[in-house]
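**Q** Work out the full structure, taking the sequences as your base and the hints as a guide.
Chain by chain, the residues run as shown.
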Amino acid sequence: MQRFYPVFRAFGLIAFCFGLLMLVPIAVSFHLDDGAAMAFDEAALVTVGTGLLMWFATRRERRGLRVRDGFLLVAMIWTMLPLYACLPFMYHLDMSFTDAYFEAVSGLTATGATVIEGLDALPPSINLWRGFLVWIGGMGLVVLAVAVLPLLGIGGRQMFRAETPGPMKDNQLTPRIAETAKGLWVVYGGFTVACCLAYYWAGMEWLDAVMHGFTTMGLGGFSSHDASFGYFDSPALEAVAIVFMLIAGINFATHFLALHGRSLRAYRHDAELGWYLGVLGVSVLGIALYLAETGTYRSFVEALRYAAFNVVSAATTTGYATTDYNLWPFFAPLWMLFLCSFTTSAGSTGGGIKMMRALVLYKQVYRELVRAMHPAAVYPVRVGGQAVPSPILFAVLAFAFVYMVSIVSMTLVLAFSGLEIVTAFSAVVASINNLGPGLNQVGPATTFAVLTDFQTWVCAFAMLLGRLEIFTLLVVLTPAFWRK
Amino acid sequence: MRIIILGAGQVGASVAEALASEANDITIVDQNRDVLAELADRLDVSIVAGNAAYPSVLRQAGVEDADMLVAVTQSDQTNLVACKIARTLFNVPTRIARLRSADFLEDERLLSDENFAVSHAICPEQDITETIAKLVEFPEALQVLDFAEGRVTLVGVRAVEGGLLVGKPIRDMRGHLPRGIDARIAAIFRNHKAVDPEGGTVVESGDEVFVLAASEHIRPVMRELRRMLKPVRRVMIAGAGNIGARVAARLEQAYEVKLLERDRARAELVAQRLPKTLVLHGDATDEKLFEQENIDEMDLFLALTNDDEDNIMAASLAKRLGCKRVVALINRRAYADMVQGGPIDIGLSPAQVSIGSLLAYVRRGDVERVHSLRRGAAEALEIVAHGDHSTSKVVGRRIDELPEIPGAHIAAIVRRSEKPEIVVRNDILVETVRDKVVIPHHDTVIRSDDHVIVFCTRKRNVRDVEKLFQVAVGFL
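Protein chains in written order, with our numbering: chain A, 1 to 484; chain B, 1001 to 1476.
Some hints here could point you the wrong way.
If you want a taste of the chain B side facing chain A, the calculated C-beta under 8 Å gives, among others [claimed, not checked]:
| # | residue |
| --- | --- |
| 1 | 1027 |
| 2 | 1176 |
| 3 | 1180 |
| 4 | 1265 |
| 5 | 1267 |
| 6 | 1278 |
| 7 | 1279 |
| 8 | 1281 |
| 9 | 1296 |
Rather than coming from a laboratory, the hints here were simulated on the basis of the structure.
Note that beta-carbon positions come from the ideal geometry of N, C-alpha and C, so glycine has one too.
**A** Take a look at the structure:
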């Protein structure tokens, strides 16, 4: 047990800080007197208390974090922090532990699937807490921890890599990892403030603007209304949301470089960006045409408005909806589900396998074709003019395989547990890609509350698996990891 | 002239060879004594062994009295340092450096007198790349050379049955050419011997003809000598070394390029740098690979490895397997003479190609450009005429008033014109130029600042040409 002391010590500190974050909803609740302050008080006490206890119990430990510890710590952070985050839901809303944990995981992984019905009636502080979870989980808990806790400096890089989405994790923006983490958070924070202001300016109330600003930039998709974005029914707000969802779906390292160098050149050099915007543009137009053609909407303009918002929302794995797109002809929602699995960029706050991996896979297929025609060809897989080193290529292939296996096996598990197949499949895809709403019984008009406890746990696991890009979690689950 | 050459590699040796035969005092510096000894046996030069970047070694080579330093070692860094030292410590007037990497050319401050003090930078690999690119553009030509910043082009073409002028006297040419187009046949080589081109000289099939015209007119002019080939689209290159990779990079935008390399690691490295080229790993003399890659569909095969024998074998094999046209890089003169005109269409000597850019700096007078032809036996010079009737022996005089120099004659004049001319190139590209190309006749008068292109089929008479154009003392 003693070999895990450094991990416990670090985790204790992180839990302590996480508890302090609950002061935000406490303050809001106190200010608005919405009756939820008690729940947050208790939750904060428990979190801060256990955190301190763990830190104090391991105070004699002097060893720093090692590579293996990094994986364990990341896995611990992502599975244990939801335990604390779900306390306010349990205390105030009387939710079962399963549902509350699901809600917390859904928030922290920026998924946005909810089991709560009657969102409009919730105390504002609870809704804000849900949005806040999405926001800090969106950029990454570890990235945040590395940015603010000097203690994690040494093992930090390993953990950083374990959490950062995308195949190539070594593009250093600054010489020191803590500076990189800070830089990313500053950019993220800046865009979030801009997003909140834009929502307010376009007609939201302050609380809604902040809550939706959080969940837009985190690409989470929690809303404070049961009707999601459809509640507002405002083209201006939808336009703002589309812009900021698009921004959040781009690699934040690119944003950082562009802001740092004060030039747009970084965007031009981003290999994913063209494909990202291209795929989205073609999909939006295609689905709008399809909807107009099939008579779902009266005019093309109307079809375009709904297609633009819902397709961008689904493809960037946000999960807002302005209409129950489950009722559209089946091809459209299926295509949106397909988009959510690869559209967002590596290093963005979105989910899925990321555009970078999709490009690598596509080019690898092309390479096999070239090889068939020219057996002697030396043909590097090239993304954005850069050749992809073969270790990364193999990692991407392995990842794609594990990703597919995960989807299939979990779909089978859900089907076995009694779910109808489209619901089962869409629930798994929506969870593992951190999208949020699926189709049919878990579609945009309903919630995940229909699932049994067992099914809820499977979906929560899928979300964590997707957020940590499978390997980080799988490493901790292999017996070899625990061997001395 | 006292010239110090640093580096006795291929470039250094051929520079030494070309300059030693012109009564220059030459010292060669290199670290390899054996190479130096071999050169000293062959040429009338003195040698110094040592690191060319050390002041002591340079001093030993007599740099204090040198008129020119030619730094052509393998290393860019050594060449730069040597130029800097030659300028700072010894005040050598002209310092020429071979720079392989284009990085040093990005900012001109870098090579200025205050910094690395390079008066002229040359890059032999780049010269060869440009030469090959021209050959790809004009597949009919044996040699394509530019003068006056590309305004005038000189092509060497083998006359073949089917050309309009073949079997007819030269004076018939003007009758065939479309109105407004003029050209000058500058030299004819028949069985490796120069034939003076007079109006009555009959062009025979198999002659190597050098013809000069304004660049935009060169295609119809070549039609005089042979029937035209289809434009090149598919190119295969053997050898991804320094030259091969450069050529591929130059060609890959406009042509379909396949690049063959024997070394796996090198192939992978090059493949990363060339997004449009298909890089193949394999031997350049492997006929199975050639067949697999459809060598018979290739318009052009370039053998550019650094091994003469490999290049000759690969090119011959490619030709035998059905490739339309093959070009091989051949360093050794004996080989080049042996194979050219046989299975190999063109044998290129890297040293000869690149020597021209250097010769221009060695020549006296305001010599803009020099092209060495037929392995140094002939030379084409672009000289700027200066002065007036009293100070110059050429300015203000009709061509038939100039003293006759055997084997040398004026082939073209590029003259600054008052009003800009519009030129259509390759049927689509329209350019405005301020320089007019004049094909001179016996009564053409040379003016000051004319760029005069002189063709010299006898190398030993080049000195007389230089002297003719020199301005009398007192002009400055």
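**Q** Does each hint fit the structure? Answer for all of them.
**A** Cross-check of the supplied hints:
| no. | hint | result |
| --- | --- | --- |
| 1 | 1027 | violated (45 Å) |
| 2 | 1176 | violated (45 Å) |
| 3 | 1180 | violated (46 Å) |
| 4 | 1265 | violated (10 Å) |
| 5 | 1267 | holds (4 Å) |
| 6 | 1278 | holds (6 Å) |
| 7 | 1279 | holds (4 Å) |
| 8 | 1281 | holds (5 Å) |
| 9 | 1296 | violated (16 Å) |
Hint compliance for this structure: hints 1, 2, 3, 4, 9 are not met, and every other hint is.
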